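K.L.:
Each chain is listed here by its residues.
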Amino acid sequence: MPITVKIPTQLRAATGGEAEIEASGSTVGEVLDAVFDAHGDLRERITQNGDLRRFVNVYVCGEDIRFREGLQTQIDEGDEVTILPAVAGG
Amino acid sequence: MSIESLRCKECGTACELDARYVCESCFGPLEVAYDHSSLDPAEAKRRIQAGSQGIWRYADFLPFEGRPGDPLEPGLTPLLRADRLAERLGIDAELWVKNDAANPTHSFKDRVVAVAVAKARELGFETVACASTGNLANALAAHAAAAGLGSYVFVPANLEEQKLLATGVYGTNLVGVRGNYDDVNRLCTQLAETRPWAFVNVNLRPYYAEGSKTLAYETVEQLGWELPDRVVCPIASGSLFTKVGHGFQEWLDLGLVDGEQPVFNGAQAQGCSPVATAFAAGWEICKPQRPETIAKSLAIGDPADGPYALEHARRTGGTIDAVSDEEIRDGIRLLAETTGIFTETAGGVTIGVLAKLAERGEIAAGERLVVYITGEGLKTLDATRDRFRMHEIDPDLDSFESEFRQAVTA
Numbered sequence: 001m002p003i004t005v006k007i008p009t010q011l012r013a014a015t016g017g018e019a020e021i022e023a024s025g026s027t028v029g030e031v032l033d034a035v036f037d038a039h040g041d042l043r044e045r046i047t048q049n050g051d052l053r054r055f056v057n058v059y060v061c062g063e064d065i066r067f068r069e070g071l072q073t074q075i076d077e078g079d080e081v082t083i084l085p086a087v088a089g090g
Numbered sequence: 091m092s093i094e095s096l097r098c099k100e101c102g103t104a105c106e107l108d109a110r111y112v113c114e115s116c117f118g119p120l121e122v123a124y125d126h127s128s129l130d131p132a133e134a135k136r137r138i139q140a141g142s143q144g145i146w147r148y149a150d151f152l153p154f155e156g157r158p159g160d161p162l163e164p165g166l167t168p169l170l171r172a173d174r175l176a177e178r179l180g181i182d183a184e185l186w187v188k189n190d191a192a193n194p195t196h197s198f199k200d201r202v203v204a205v206a207v208a209k210a211r212e213l214g215f216e217t218v219a220c221a222s223t224g225n226l227a228n229a230l231a232a233h234a235a236a237a238g239l240g241s242y243v244f245v246p247a248n249l250e251e252q253k254l255l256a257t258g259v260y261g262t263n264l265v266g267v268r269g270n271y272d273d274v275n276r277l278c279t280q281l282a283e284t285r286p287w288a289f290v291n292v293n294l295r296p297y298y299a300e301g302s303k304t305l306a307y308e309t310v311e312q313l314g315w316e317l318p319d320r321v322v323c324p325i326a327s328g329s330l331f332t333k334v335g336h337g338f339q340e341w342l343d344l345g346l347v348d349g350e351q352p353v354f355n356g357a358q359a360q361g362c363s364p365v366a367t368a369f370a371a372g373w374e375i376c377k378p379q380r381p382e383t384i385a386k387s388l389a390i391g392d393p394a395d396g397p398y399a400l401e402h403a404r405r406t407g408g409t410i411d412a413v414s415d416e417e418i419r420d421g422i423r424l425l426a427e428t429t430g431i432f433t434e435t436a437g438g439v440t441i442g443v444l445a446k447l448a449e450r451g452e453i454a455a456g457e458r459l460v461v462y463i464t465g466e467g468l469k470t471l472d473a474t475r476d477r478f479r480m481h482e483i484d485p486d487l488d489s490f491e492s493e494f495r496q497a498v499t500a
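Note that the protein sequences, when read in sequence, are chains U and P.
Here this note's numbering is used: the first residue of the first sequence is 1, the next is one more, and so on.
Here this note's numbering is used: the first residue of the second sequence is 91, the next is one more, and so on.
Read the hints as simulated data drawn from the structure, not as lab findings.
All values derive from a computational prediction rather than experimental measurement.
Where hints are given, some of them may not hold.
As the list claims (entries may be wrong) - Simulated pairs of lysine-lysine, DSS-like, Cα-Cα distance not exceeding 27 Å:
hint: 1; chain 1: U; residue 1: K6; chain 2: P; residue 2: K377
hint: 2; chain 1: P; residue 1: K446; chain 2: P; residue 2: K377
hint: 3; chain 1: P; residue 1: K99; chain 2: P; residue 2: K377
hint: 4; chain 1: P; residue 1: K99; chain 2: U; residue 2: K6
The following block holds chain U by itself, in its conformation from the complex (with noise of 0.2 Å):
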């Protein structure tokens, strides 16, 4: 089932400039990768050794992953996942 990710301005470089993503996959991380495939150059900026880098946040609906299932969280239909930087605020 398609499932919109959305793309932060600093990372659209590696979209070819695409704010927002269609991608499927049952899972945030099968998005994700998802995603990577068709936008490899978006793989390295944003994960190391298969995980997310230390300063990147996904969320599902507004809510931090970390407070689900990580990667594992499960993505119904309609549901937007968006990807921002973790170093703001303070």
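Since the structure of chain U is provided, determine the placement of chain P on it from the hints.
P.N.:
Same frame as chain U, now just chain P:
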């Protein structure tokens, strides 16, 4: 020229000195890089001592060419000996309290905001904004008003009333978000993508964070160009904690002060302790938490500089501790009773952790210790409610005598 570029703290990539905060190569945080290779320490000290009575005396170490105009200059807050506090804690230490409530809007946030607002003006922004737990809101609204800039302040809607009132009065656009600080922060990160605003702690964060170094510089200068052996400092995002360490290190490296980096003890509230929890567990990163504490100014469940705060505490042989709401209230009371300084809940956290360190015997005899009090008690009055009783009497001598006889015998 000493300001060089923005540089990624993770991968070292350098980029332009504009309104950005994230490395496009690895998504790490950007920091201001300087070239101080031609700096003469003796001349730098003279320039500081001949400078203004506030943070701009340290302009050579801030991200500007020259000294920006600032109608509301913060800094040079008192560093006070606290012998009676040391005595109550049973420590034989040279204890100092840096009272940063003595800033224009009564918290250390005036330092970071002064730097960020000056940078916003330099970059041509007409509107400044922030995501805040309260103190930043006060500071941003005031400094924007003083600079004649428009402002938007985003806070959790359930903030202390005093902090809301002390923000709204400056005529800002005050936005109460139904959510916690981390929700506010996420929203502002998204808004910063599309609005032509300088979010001081989002797209101007590399400059903003530099303001906290001035707390280290002042400490050194006020101790007669010497370093403390230990500092106790609160942790919310971890930016203040790491930047105070950064300030000491800069002056050590440049030869403005001799000695060693002090031991850094971090202070968090148990109800929001992602960094203390990670420290205790030996983790290198923090697991986010949903805050539930009276120390709302420290209630950041997903601290941006958490990993760096952990590194700094470990590298200096320090710790990161957490205290309960009751210990926070006790800390506020203890500081007030022994120094005459009335601090907000964040200061209660800091004093609570200081008491813990004293209890554990971690403070050696003769140690020189500086405790950072970052905010004002009048902003969190609820924390002192029901902690004492007022003697209510009739306006006659008998009533007074009888009340105090009872109080003495009770």
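K.L.:
All hints, please: hold or fail.
P.N.:
Going through the hints against the structure:
1. Of the supplied pair hints, the one linking U:K6 and P:K377 holds, its CA atoms being roughly 23 Å apart against a limit of 27 Å.
2. The suggested pairing of P:K446 with P:K377 holds, with an alpha-carbon distance near 24 Å, which does not exceed 27 Å.
3. For the suggested pair P:K99 and P:K377, the alpha carbons sit about 21 Å apart, so the restraint of at most 27 Å is met.
4. A threshold of 27 Å between alpha carbons decides the hint, and for P:K99 with U:K6 the separation of about 25 Å falls inside it, so the pair holds.
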